[in-house]
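Place chain R on chain X using the hints.
Number of protein chains: 2
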Amino acid sequence: MSGMELPAVAPLDAVAMTAADARQARLTKPPGSMGRLEALGAQLAGITGVCPPPLPEPVAVAVFAGDHGVHAQGVTPWPQEVTVQMVANVCAGGAVVNALARQVGADVVVVDVGVVGDAPPHERLTTAKVARGTADLTAGAAMTPDQARRAVETGVTHAYRLVDAGYRLLVTGDLGLANTTPSAALIAALTGADPSEVTGRGAGSEDAMLAHKVDVVRRAVSRLDPDADPMTVLAEVGGFEHAALAGFLIGGAARRVPVVLDGVIACSAALVAAALEPGVVAYLVAGHRSQEPGATVALRSLGLEPLVDLDLRLGEGTGALLAVPIVQAAARMLAEVATFDAAQVSQA
Amino acid sequence: MSGMELPAVAPLDAVAMTAADARQARLTKPPGSMGRLEALGAQLAGITGVCPPPLPEPVAVAVFAGDHGVHAQGVTPWPQEVTVQMVANVCAGGAVVNALARQVGADVVVVDVGVVGDAPPHERLTTAKVARGTADLTAGAAMTPDQARRAVETGVTHAYRLVDAGYRLLVTGDLGLANTTPSAALIAALTGADPSEVTGRGAGSEDAMLAHKVDVVRRAVSRLDPDADPMTVLAEVGGFEHAALAGFLIGGAARRVPVVLDGVIACSAALVAAALEPGVVAYLVAGHRSQEPGATVALRSLGLEPLVDLDLRLGEGTGALLAVPIVQAAARMLAEVATFDAAQVSQA
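Chains as they are written, first to last, in numbering that gives the first Met the number 0: chain X, 0 to 347; chain R, 0 to 347.
Derived by calculation from the structure, the hints in this document are not laboratory data.
Take these hints with a grain of salt, some might be off.
[Claimed, not checked] Computed footprint of chain X on chain R; a stretch qualifies when at least three of its residues, placed anywhere within it, have a C-beta under 8 Å from a C-beta of chain X: (1) 96-107; (2) 297-308; (3) 339-347.
[What the hints assert, rightly or not] Computed list of chain R residues with no C-beta within reach of chain X, every gap over 12 Å: (4) Met3; (5) Asp12; (6) Lys128; (7) Arg131; (8) Asp224; (9) Thr231.
[To be verified] Label-pair distances were calculated between CB atoms; the ranges are: (10) X:Ala13 <-> R:Pro10: 53 to 59 Å; (11) R:Glu80 <-> X:Gly48: 36 to 42 Å; (12) X:Gly48 <-> R:Ala281: 36 to 42 Å; (13) R:Gln346 <-> X:Asp228: 36 to 42 Å.
Glycine included, each C-beta is placed from N, C-alpha and C at the ideal position.
Bound conformation, chain X alone:
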């Protein structure tokens, strides 16, 4: 993409990962008995370059909010004004993402990258509107190339800002009425899956609306040149929060901080990020498996297995927040559990 320089993402530290695996085998537990937590611990060692890895805290969930021209196509039963209303609700601490963030000790920040309306100013809210909503992706490109670039850069900047403020675990969040539609379009375009396989009911589409939504996604994707580069795909069929999240993932990875993915919006953004910078995937943790079918298609394409699977389909960052204590437990296990020698425990 002309005019945009993405930060470099280094590979994971193989020495720290090997040290983590060796340490797991000396801890007072049967080898391998902590399953995926052991792999997660090694990933955190590789990300931070230290074994045992530091406890990934404090935690910030960044809720990127935007509106979508495709809302006019009737792809959701909810009015568009809900986006700005929910921005205010999250700022006031009343949304599900706030309750779950309090549960796991995470701070919530909101970044308006393209909401149509204006929420009242709030200390949690950064206004960085690229525009007041994207254009309708059924009629043409959702974003201009310049808009897409600026949204990605906003995401990178906010990852840096949070890491500079001391956060050591980043969590993706999103708000945006109709945003499962561009998510499905991005996933179809970037994985080759049929729109019918990756389009879901979002916040509550009934059968007829779902069929219409699949058609909307199909029309959007059919406009794309099969050889389009990832920034062009993003601009044509994505959204401002998708672009910002892609940048956020790359920014976190560039600063060697793990990022926990929420649902289908984050997963579609991760496909964009991985297409721009394949090295980013090693820094990602799939927080949960959303009920939206596109999330599973995207995670499979990325080679990521989610930590939690509780039939959630809310977004906002909620599913990813439920995975935060699991990620922290993986680091804590490596750091705090006694070895067989130290605890004088016999071995098999």
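Same frame as chain X, now just chain R:
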């Protein structure tokens, strides 16, 4: 069981559960979008009889420890002395259960209900040995009827003690070399499953040892009268920690406190508890799906779906602890999320 009076377990409070479902529908999120967390919130309301339910905290994990005569049959590659060594390790705070308990803010207590050796005294440790290990279940009954009764009563007593001390979420833990063997025998006996379907590798049995273990379980179960009552099944093929855990579940339910199940040892104990008092199941939360195949068979029989599935097979309470923040999040969501009216958010 003559001589043992089990406490009564009341049904869940249907009014509180209906109120919880109604409240979920008014919270600022698409109806049903928080999936299994919504059902969990309603269960907590039903258990406590209040909507919204109080945050289930503080949390205690009770690690019941015992040894098993069947260890002599070579069903695990680990020496029996590891049980008492691990009791000391948990008391010292060095085991995985301690690290994960610190992660989720839970307190750890250890109850020795039948370890062969003696760990040094510790403020975390209660010594309530029924005997120094059970008898070998391949040769005859693992416990006398009186031993089984005393172990169950110890579990009930410890649930009461923790609830009286203020704990509002109980978590099952266990320590006991060879204890996946009596777990498999209990599950086979109480569900009718074949021993080959419910016997796993435990802490690391290789193929030949696993085949031998299946045979050991088959011999134990074949001794049982098909019409044996649950206390007889428990005494014949169970273990002290299994009996204590069954009592712990009943005690927690009787005091209207939710109990989170760990892996296969807890799941087999839950089958015993449910056979003694079917009402207890409504108070249980399946923390995770252990890699041990018997755990899944037991959970299916109980009608419980686990919250976490991370290929764990350690025990101690570790998998259940990872589910604690999810359980708390369910209560917190009901209590703290704003309604559509209060937050002035439009609806579909």
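Hints, one by one, checked against the model:
Counting residues of the stretch 96-107 of chain R whose CB falls under 8 Å from any CB of chain X gives 6; the rule of at least 3 is met. For the stretch 297-308 of chain R, the assignment as covered by chain X holds, since 3 residues bring a beta-carbon within under 8 Å of that chain's beta-carbons and 3 suffice. Counting residues of the stretch 339-347 of chain R whose C-beta sits closer than 8 Å to any C-beta of chain X gives 7, which meets the bar of three, so the coverage hint holds. Separation of R:Met3 from chain X is adequate, the least Cβ-Cβ distance of about 35 Å exceeding the 12 Å criterion.
For R:Asp12, the requirement that its beta carbon stay farther than 12 Å from each beta carbon of chain X is met, with the minimum near 23 Å. With a minimum CB-CB distance of about 21 Å to chain X, R:Lys128 clears the 12 Å threshold, and the non-interface call stands. For R:Arg131, the non-interface assignment is confirmed: its Cβ lies about 18 Å from the closest Cβ of chain X, beyond the 12 Å cut-off. Non-interface status of R:Asp224 relative to chain X is upheld: no Cβ of that chain comes within 12 Å, the nearest being about 35 Å off.
With a cut of 12 Å on Cβ distances, R:Thr231 stays outside the contact zone with chain X, its closest approach being about 32 Å. Look at X:Ala13 against R:Pro10: about 56 Å separates their beta carbons, and that is inside 53 to 59 Å. Between R:Glu80 and X:Gly48 the beta carbon distance is about 39 Å. The supplied range of 36 to 42 Å therefore holds. Hint check: X:Gly48 to R:Ala281, Cβ distance near 48 Å, so the stated range 36 to 42 Å is violated.
The hinted range of 36 to 42 Å is satisfied by R:Gln346 and X:Asp228, whose Cβ atoms lie roughly 40 Å apart.
Going through the hint list in order, the structure does not satisfy hint 12, though it satisfies all others.
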